[in-house]
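J.: If you read the protein sequences in the order shown, they are chains A and B.
Per the numbering used here, the first sequence starts with residue 1, numbered consecutively.
Per the numbering used here, the second sequence starts with residue 1, numbered consecutively.
Everything labelled a hint here was simulated from the structure, so no lab data went into it.
One or more of the hints may lead you astray.
Pair ranges (Cβ atoms, derived) [unchecked claim]:
1) Lys204(B) / Tyr11(A): 21 to 27 Å
2) Val142(B) / Ala87(A): 47 to 53 Å
3) Leu110(B) / Val92(A): 26 to 32 Å
4) Asp95(B) / Tyr11(A): 58 to 64 Å
5) Leu209(B) / Gly27(A): 27 to 33 Å
6) Val92(A) / Asn256(B): 53 to 59 Å
7) Glu212(A) / Val211(B): 55 to 61 Å
8) Gly182(B) / Tyr11(A): 38 to 44 Å
9) Lys122(A) / Gln278(B): 17 to 23 Å
10) Ile38(B) / Ala163(A): 24 to 30 Å
11) Glu212(A) / Lys204(B): 36 to 42 Å
Listed next, the in silico BS3-like pairs over lysine-lysine satisfying Cα-Cα at most 27 Å (straight line) [what the hints assert, rightly or not]:
12) Lys51(A) / Lys96(B)
13) Lys89(A) / Lys96(B)
14) Lys95(A) / Lys8(B)
15) Lys95(A) / Lys98(B)
16) Lys89(A) / Lys12(B)
17) Lys18(A) / Lys19(B)
18) Lys123(A) / Lys96(B)
19) Lys275(B) / Lys18(A)
20) Lys122(A) / Lys19(B)
21) Lys114(A) / Lys98(B)
22) Lys5(A) / Lys275(B)
23) Lys123(A) / Lys12(B)
24) Lys98(B) / Lys162(A)
25) Lys201(A) / Lys96(B)
26) Lys275(B) / Lys171(A)
27) Lys144(B) / Lys123(A)
28) Lys123(A) / Lys98(B)
29) Lys52(A) / Lys19(B)
30) Lys95(A) / Lys96(B)
31) Lys51(A) / Lys98(B)
32) Lys122(A) / Lys8(B)
33) Lys162(A) / Lys96(B)
34) Lys51(A) / Lys198(B)
35) Lys52(A) / Lys235(B)
36) Lys95(A) / Lys199(B)
37) Lys275(B) / Lys123(A)
38) Lys19(B) / Lys89(A)
39) Lys19(B) / Lys95(A)
40) Lys52(A) / Lys144(B)
Treat the numbers as computed from the prediction; the structure is a model and nothing was measured.
Note that the Cβ used here is the ideal one computed from N, Cα and C, for glycine as well.
Here's the letter readout for the chains.
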Amino acid sequence: MIEIKDLAFSYGNVPVLKSITTSLEEGRIYGLLGENGVGKTTLLTLLCGLKKADSGSICTDGENPFDRTPSLLEKQYYLPDEVAPVAMKAEVFAKERGAFWPLYDHEIFLTIMKEFENDPSKKMNQMSAGQLKKTYISFGLATGCRYLFMDEPTNGLDIPSKAQFRAAVMKYTPEDSTIVISTHQVRDLENIIDPVIILDKQDVLLNASIEEISEKLYFDYGTTQREDALYREALPGGFLQVCPNTGGEESKVNIEALFNTVHAHKELIKGMFNK
Amino acid sequence: MNNTFNFKRFGKYLAYDLKSVWEEQRVFLLTYALIPVITYIVIVFFALVGHGFSMDFSDYTLARPSIAVRVSVFSLVSVIFLIFFPSRTYGFITDKAKGSAWIQLPASRLEKFSSMMLICLVIIPVAFFCAYLISDALVCLVDKNCGSSIFSSWNSLDMTSYDEDGKSFKIAGKGIWFLANGVLQIVSVFLLGALIFKKNKVAKTILTLFVISLVLSAIIGLAVSTIDIESFSDKIQAWALNYADNIDFWANFWSNVELAVIVVGLGIWSWFRVKNIQH
Numbered sequence: 001m002i003e004i005k006d007l008a009f010s011y012g013n014v015p016v017l018k019s020i021t022t023s024l025e026e027g028r029i030y031g032l033l034g035e036n037g038v039g040k041t042t043l044l045t046l047l048c049g050l051k052k053a054d055s056g057s058i059c060t061d062g063e064n065p066f067d068r069t070p071s072l073l074e075k076q077y078y079l080p081d082e083v084a085p086v087a088m089k090a091e092v093f094a095k096e097r098g099a100f101w102p103l104y105d106h107e108i109f110l111t112i113m114k115e116f117e118n119d120p121s122k123k124m125n126q127m128s129a130g131q132l133k134k135t136y137i138s139f140g141l142a143t144g145c146r147y148l149f150m151d152e153p154t155n156g157l158d159i160p161s162k163a164q165f166r167a168a169v170m171k172y173t174p175e176d177s178t179i180v181i182s183t184h185q186v187r188d189l190e191n192i193i194d195p196v197i198i199l200d201k202q203d204v205l206l207n208a209s210i211e212e213i214s215e216k217l218y219f220d221y222g223t224t225q226r227e228d229a230l231y232r233e234a235l236p237g238g239f240l241q242v243c244p245n246t247g248g249e250e251s252k253v254n255i256e257a258l259f260n261t262v263h264a265h266k267e268l269i270k271g272m273f274n275k
Numbered sequence: 001m002n003n004t005f006n007f008k009r010f011g012k013y014l015a016y017d018l019k020s021v022w023e024e025q026r027v028f029l030l031t032y033a034l035i036p037v038i039t040y041i042v043i044v045f046f047a048l049v050g051h052g053f054s055m056d057f058s059d060y061t062l063a064r065p066s067i068a069v070r071v072s073v074f075s076l077v078s079v080i081f082l083i084f085f086p087s088r089t090y091g092f093i094t095d096k097a098k099g100s101a102w103i104q105l106p107a108s109r110l111e112k113f114s115s116m117m118l119i120c121l122v123i124i125p126v127a128f129f130c131a132y133l134i135s136d137a138l139v140c141l142v143d144k145n146c147g148s149s150i151f152s153s154w155n156s157l158d159m160t161s162y163d164e165d166g167k168s169f170k171i172a173g174k175g176i177w178f179l180a181n182g183v184l185q186i187v188s189v190f191l192l193g194a195l196i197f198k199k200n201k202v203a204k205t206i207l208t209l210f211v212i213s214l215v216l217s218a219i220i221g222l223a224v225s226t227i228d229i230e231s232f233s234d235k236i237q238a239w240a241l242n243y244a245d246n247i248d249f250w251a252n253f254w255s256n257v258e259l260a261v262i263v264v265g266l267g268i269w270s271w272f273r274v275k276n277i278q279h
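Looking at chain B on its own, in the form it has when it is part of the complex:
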């Protein structure tokens, strides 16, 4: 018997895991995915209660959620969902009774870990975004004046731009890449938090991030105070001018490296946590 990884057993475990996640989390996922409908109903309701089909705020009239409101709500709801779902889905692993039952299930550690990562990093976010966009599309189907789709609005966003001496460049990555990047980072961080902390997983993870950022800021501050900042910025500027033709490539390269380091690093930490967890 292959005790490390067996595709047939992994398939069986993944199906079991997915079904368990669906049984436990479907209400949570669908509630968040239906936010566009809920937002639309709330705004239209207040518009109806106010002035017919519009709400007047002196010189501003609101009859339905504008594309700006929809994109903002989408961003906010997505972040909240991505922060909370890892602990709701796999936080039970630190629970004595449920975690013991999970460990005792006859599948290898690698199979359980792979299933968890696949579900958290790919399946649930994709399912959530699809459900959210469908829900938003339903609103637009009812109200033809809703504007463009959230997806196209997001995807048309450039990740960043830079102007230097009349030269400008844009990082090739679009909003959808930015979205994927954000999903991977947020979920990796909060999944690890869910696996480490036994209680108040989200709050403790946020607090830990806050402490880490304070410590890193202090270290960077100390480092900056010891170097000659003027010559350092001259070097950076010289490097940017030297590589001006393919600066977008390098900017993309380094942001991808950053993403890979964060996701892989947190993934490795999660793996060791899952591998060695004791009850």
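Chain A extracted, bound-state conformation:
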């Protein structure tokens, strides 16, 4: 369990995160969404201890991530957006580095690499950006970590690899793990992320499960315009509209539309979900 309390961080005099309070539960795949520059990557790097909070606290299983203790490091893995091309064969890199994570399974690494159609005997500095990303994703999933933080993992992946990535995340992560995926490519991950966290400069605008979202918001894929629509988008042959779910109807949550709705009605949505 990760508890974030009154977290603040700034780059020099430029505040990025102000008073963030939320908690991340086990057994969930969180989708971390937000506009450019709101601090998604900063939050991820704070969560994994790469940065020190200016004020407030992060508590992961009772520890501060910035202490960088081996006991916490071996329970977490952070996949940055930009990964390092090491002058080693992928399989050698994974085997040697994996020895530091007690639950690392080299067979799983090789299996995921095979599913990604990625050659583990290839040197990492000779790989394309997508192949390199897939190598690090395979390694991250093979570590068996309880806490997995991924920054834009589908960036640079080809179309089949995106589906393979979703399948691998569902198949190879422990049931009690907490996964936080920061992304702009919401359609790539729509089917696996639950709950959704929408970050704003000042605050967490939304931290709610898909079930909770569909209880409170209705996603109408009809052909008539609704007066109570908070957000409307024209689709071929109709509209996608997001409205308050006053009738308790079930609908399929569209995360992109949700994101736009939240940004158009920040206070209303916050009030709706904080009740």
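Could you slot chain B onto chain A? The hints should help.
T.: Frame of chain A, contents of chain B only:
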């Protein structure tokens, strides 16, 4: 779990670190270590091209690198190697992608720091000097007229000597101690530079040293201008005469203190840099 230092985990990390350093730096290290062979080949080649097996410079004949040339090349190459290898080996820590991966590796900060210091201050310099001396020995094996070994020539050098009123003394330390002293100081300085600066690490470190020496010179100059230099030098002379019997002990003592202060001070700074680095 011991989160500060665990010998088993440290051993595992040190082996991993050494292997990574070897994978990344072996070409760099071996290139520098093979300089005696390269120098020998170059000189013999020009000697062959010139006048048979010798090069004539009016009254000077050069057929092979003399011991003076070999010791000079050794000193120069060693200094260049010691300046550049810390940033090549651990400069990646300031890089966002590589540095993040390094921080995330499950070993304690103290284990990572100890491994880095051991590799930089002991293992790589020893490996380099051994490889260099072996390479030099190979040259001497081929050419029996190469003269004495670099090691013995270096070790026979006295660190310093002093003559005062017919009394003379020598600091007990030999060239090998001087070499170790130099290695520790140079590597400590340039390792810290590699950990502080993100780009142009060596150039910025040299520039910083230059600025520091200018500032220190100005401060010392100011201090000297405010004191009575004659009575100060009289006091120093009186102290030297009083302790003339064990002056070598005191000279050694103070140079060791200086070395310890520099290495420990820079080591502490490096530790805090590694401990608190953020990406």
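J.: Run every hint past the structure and note whether it holds.
T.: Hints and how they fare:
For the hinted restraint 21 to 27 Å between lysine 204(B) and tyrosine 11(A), the CB-CB distance of approximately 22 Å keeps it satisfied. Separation of valine 142(B) from alanine 87(A) is about 34 Å and departs from the stated range, judged on CB atoms against 47 to 53 Å. A beta carbon spacing of about 27 Å between leucine 110(B) and valine 92(A) agrees with the range 26 to 32 Å that was offered as a hint. The hint said 58 to 64 Å for the Cβ distance between aspartate 95(B) and tyrosine 11(A), and at roughly 18 Å that hint is violated.
The beta-carbon spacing between leucine 209(B) and glycine 27(A), approximately 55 Å, falls outside the hinted interval of 27 to 33 Å. Against the hinted window of 53 to 59 Å, the Cβ-Cβ separation of valine 92(A) and asparagine 256(B) comes to about 44 Å, which falls outside the hint. Checked against the given bound of 55 to 61 Å, the beta carbons of glutamate 212(A) and valine 211(B), roughly 59 Å apart, stay inside it. Taking the beta carbon of each, glycine 182(B) and tyrosine 11(A) are about 40 Å apart, inside 38 to 44 Å as hinted.
Remark: the range hint 17 to 23 Å for lysine 122(A) to glutamine 278(B) is contradicted by a beta-carbon distance near 32 Å. At roughly 55 Å, the beta carbons of isoleucine 38(B) and alanine 163(A) sit outside the given window of 24 to 30 Å. A hinted range of 36 to 42 Å is violated for the C-beta pair glutamate 212(A) and lysine 204(B), which are about 53 Å apart. The hinted pair formed by lysine 51(A) and lysine 96(B) meets the criterion: a straight-line CA distance of about 12 Å does not exceed 27 Å.
The suggested pairing of lysine 89(A) with lysine 96(B) holds, with an alpha-carbon distance near 21 Å, which does not exceed 27 Å. A C-alpha spacing of about 18 Å is found between lysine 95(A) and lysine 8(B), which places the hinted pair at or below 27 Å, so the restraint holds. A hinted pair counts as satisfied when its Cα atoms are at most 27 Å apart, and lysine 95(A) with lysine 98(B) qualifies at roughly 18 Å. The hinted pair formed by lysine 89(A) and lysine 12(B) meets the criterion: a straight-line CA distance of about 20 Å does not exceed 27 Å.
The suggested pairing of lysine 18(A) with lysine 19(B) is violated, with an alpha-carbon distance near 43 Å, which exceeds 27 Å. Our distance criterion of 27 Å between C-alpha atoms is met by lysine 123(A) and lysine 96(B), whose separation comes to about 21 Å. A C-alpha spacing of about 25 Å is found between lysine 275(B) and lysine 18(A), which places the hinted pair at or below 27 Å, so the restraint holds. Taking the CA atoms of lysine 122(A) and lysine 19(B), the gap is about 19 Å. The hint holds against a cut of 27 Å.
With a C-alpha separation of about 25 Å, the suggested pair lysine 114(A) and lysine 98(B) falls inside the 27 Å cut-off, and the hint holds. A distance of roughly 24 Å separates the Cα atoms of lysine 5(A) and lysine 275(B); the hinted pair therefore holds under the 27 Å criterion. Restraint check for lysine 123(A) and lysine 12(B): the C-alpha separation of about 23 Å stays at or below 27 Å, so the hint holds. A threshold of 27 Å between alpha carbons decides the hint, and for lysine 98(B) with lysine 162(A) the separation of about 25 Å falls inside it, so the pair holds.
Annotation: proposed proximity of lysine 201(A) to lysine 96(B) holds, straight-line Cα distance about 23 Å (limit 27 Å). With a C-alpha separation of about 36 Å, the suggested pair lysine 275(B) and lysine 171(A) falls outside the 27 Å cut-off, and the hint is violated. Simply put, lysine 144(B) and lysine 123(A) have alpha-carbon atoms about 44 Å apart, too far for the 27 Å limit, and the pair is violated. For the given pair, lysine 123(A) sits about 16 Å from lysine 98(B) by alpha-carbon distance, which is consistent with the 27 Å threshold.
Restraint check for lysine 52(A) and lysine 19(B): the C-alpha separation of about 31 Å exceeds 27 Å, so the hint is violated. The straight-line distance between the Cα atoms of lysine 95(A) and lysine 96(B) is roughly 23 Å, inside the 27 Å bound, and the hint therefore holds. For the hint pairing lysine 51(A) with lysine 98(B), the CA-to-CA distance comes to about 15 Å; that is within 27 Å, so the pair holds. Restraint check: the Cα-Cα separation between lysine 122(A) and lysine 8(B) comes to about 31 Å, which exceeds 27 Å; the hinted pair is violated.
Between lysine 162(A) and lysine 96(B) the alpha-carbon distance is near 25 Å, which keeps this suggested pair within the 27 Å criterion. Taking the CA atoms of lysine 51(A) and lysine 198(B), the gap is about 17 Å. The hint holds against a cut of 27 Å. Between lysine 52(A) and lysine 235(B), the direct Cα distance comes to roughly 53 Å. Violation of the 27 Å bound is thereby established for this hinted pair. Proximity of lysine 95(A) to lysine 199(B) is assessed by CA-CA distance (about 31 Å); at most 27 Å being required, the pair is judged violated.
Only pairs whose Cα atoms come within 27 Å are accepted, and lysine 275(B) paired with lysine 123(A) is rejected, the gap being roughly 31 Å. For the hint pairing lysine 19(B) with lysine 89(A), the CA-to-CA distance comes to about 14 Å; that is within 27 Å, so the pair holds. Of the pairs offered as hints, the one joining lysine 19(B) and lysine 95(A) holds, with about 13 Å between alpha carbons and a cut-off of 27 Å not exceeded. A threshold of 27 Å between alpha carbons decides the hint, and for lysine 52(A) with lysine 144(B) the separation of about 62 Å lies outside it, so the pair is violated.
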